[in-house]
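Chain B: place on chain A using the hints.
In the order they appear, the protein sequences are chains A and B. Last residue of the first sequence: number 169 in my numbering, and the count goes up by one each step with no gaps. Last residue of the second sequence: number 360 in my numbering, and the count goes up by one each step with no gaps.
Simulated from the structure, these hints should not be mistaken for lab results. Since this is a predicted model, take the numbers as computed values, not measurements. Positions of the beta carbon are idealized from the N, C-alpha and C atoms, including for glycine. Take the hints with a grain of salt, since some may be wrong.
Not everything, but these chain A residues come out facing chain B in the computed CB check (under 7 Å) [unchecked claim]: (1) P40; (2) A44; (3) L69; (4) A73; (5) A150; (6) R163.
Each pair of labels, with its calculated beta carbon distance range [said to hold, decoys possible]: (7) I247/B - N75/A: 22 to 32 Å; (8) M30/A - H292/B: 28 to 38 Å; (9) A143/A - P309/B: 24 to 34 Å; (10) L351/B - P40/A: 11 to 21 Å.
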Amino acid sequence: MTWVERFDALERGPVGMAIRESLWLFPAIEAVHLLGLALLGGAVLMVDLRLLGMGLRGRALNLVVADARPWLLIAIGVMLATGIPLFLSEAVKCFYNFSFWVKMIALPIALVFTFAVKHPLARRNPPRAAAALLGVASIGVWFTVAAAGRWIGFSG
Amino acid sequence: MSLLPFCEWLASTQWSIALHESLYAYPLIESSHVLGLLLFAGTIAMVDLRLLGVAFKAVPVSEMNARILPWTIVGAVVMIGTGILLFYAIPVRTYQSVWFRAKVIFLIAAAVNVWIFHKRVSRNRERWDAAPKPPLNARVTAATSLALWAGIIVFGRMIAYNWFDCYRPQSNFVQWLAGCVVEASA
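So that you can see chain A by itself, here it is in the shape it has in the complex:
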């Protein structure tokens, strides 16, 4: 079985079929995906702005991370719960879509960076330059995920 055949099988699964047969399901899931994007943006930026010495700069970094983290987890949950069905409804289109693969590479990088690098380091209240570097890297990698995600709809 080739990879495109695997993607085709995914698309023919119950979730993919149900979404494609419905007029409203795809736009409705997509709309919730956007709402999750807004929440994700807020939760990520609260920490990143603080890392850059802006936003809640009067608060200790570890406290900002602790406050933002549950909302980040909720947002990521919403994004996966809606993003996976969206993918399943058009898996073959995604397979041939360059932006999709950019997103699929950038997303694990963003997740690993956030939870294995950014949060652990931010909790130790790093020096200003290091903090700013973390903030810029975080904004860059999440921006790539979001922009590539939007571009899936334009290309292919």
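Here is chain B on its own, set in the frame of chain A:
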């Protein structure tokens, strides 16, 4: 009075046509409008969740507003700038979109909600500024804001879909909502 003739004139202008027919400019502006959400709606959500008493509970409401709302303003500039360009690229269809009309009504409601917060709710803010859970009327404005902005985001996304467009067969109700011009049958 209908704004339709104005929208038709807008659509006939050279830049509107250029934008509408552009291969990259329109999708880039559209993407900026979507990515602006991360900053604009994201910061609104964080401020509202604080006012709701469920996030950043140790941070006074006044500190959230002072430190985060300037970023919301930056986001608003991006959203309004790109939003106007998106309307300018497709004026007539957007004007006659039931989704766009719902979005405008919700935007006005969101503005009124902000006004109510500043005029009424935050009048005695010193008393509850640092409280983890603000009083009921403050929490109601926060929940209203979250609901309105969620509606605005959803309606905005739906403008792209043509289910209720005037060129398709529509019920009298939808034609009235969308302001479709029905040609009189001779």
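To see whether the hints hold, each was checked on the structure:
Restraint check, P40/A versus chain B: the minimum CB separation of about 6 Å is within 7 Å; hint holds. Look at A44/A: its Cβ gets to within about 4 Å of chain B, closer than 7 Å, so that hint holds up. Given hint, L69/A at the interface with chain B, holds; its Cβ is 5 Å from that chain's nearest Cβ, closer than 7 Å. About 10 Å separates the beta-carbon of A73/A from the nearest beta-carbon of chain B, more than 7 Å, and the hint is not met.
The criterion of a C-beta within 7 Å of any C-beta in chain B is not met by A150/A, whose closest approach is roughly 16 Å, and the hint is violated. The restraint placing R163/A at the interface with chain B holds, with a minimum CB-CB distance near 5 Å, inside the 7 Å limit. Checked against the hint of 22 to 32 Å, the C-beta distance between I247/B and N75/A comes to roughly 28 Å, which is consistent with it. Taken as a hint, the range 28 to 38 Å is violated for the pair M30/A and H292/B, whose Cβ atoms sit roughly 50 Å apart.
A143/A and P309/B have their C-beta atoms about 41 Å apart, which leaves the hinted 24 to 34 Å range violated. Look at L351/B against P40/A: about 18 Å separates their beta carbons, and that is inside 11 to 21 Å.
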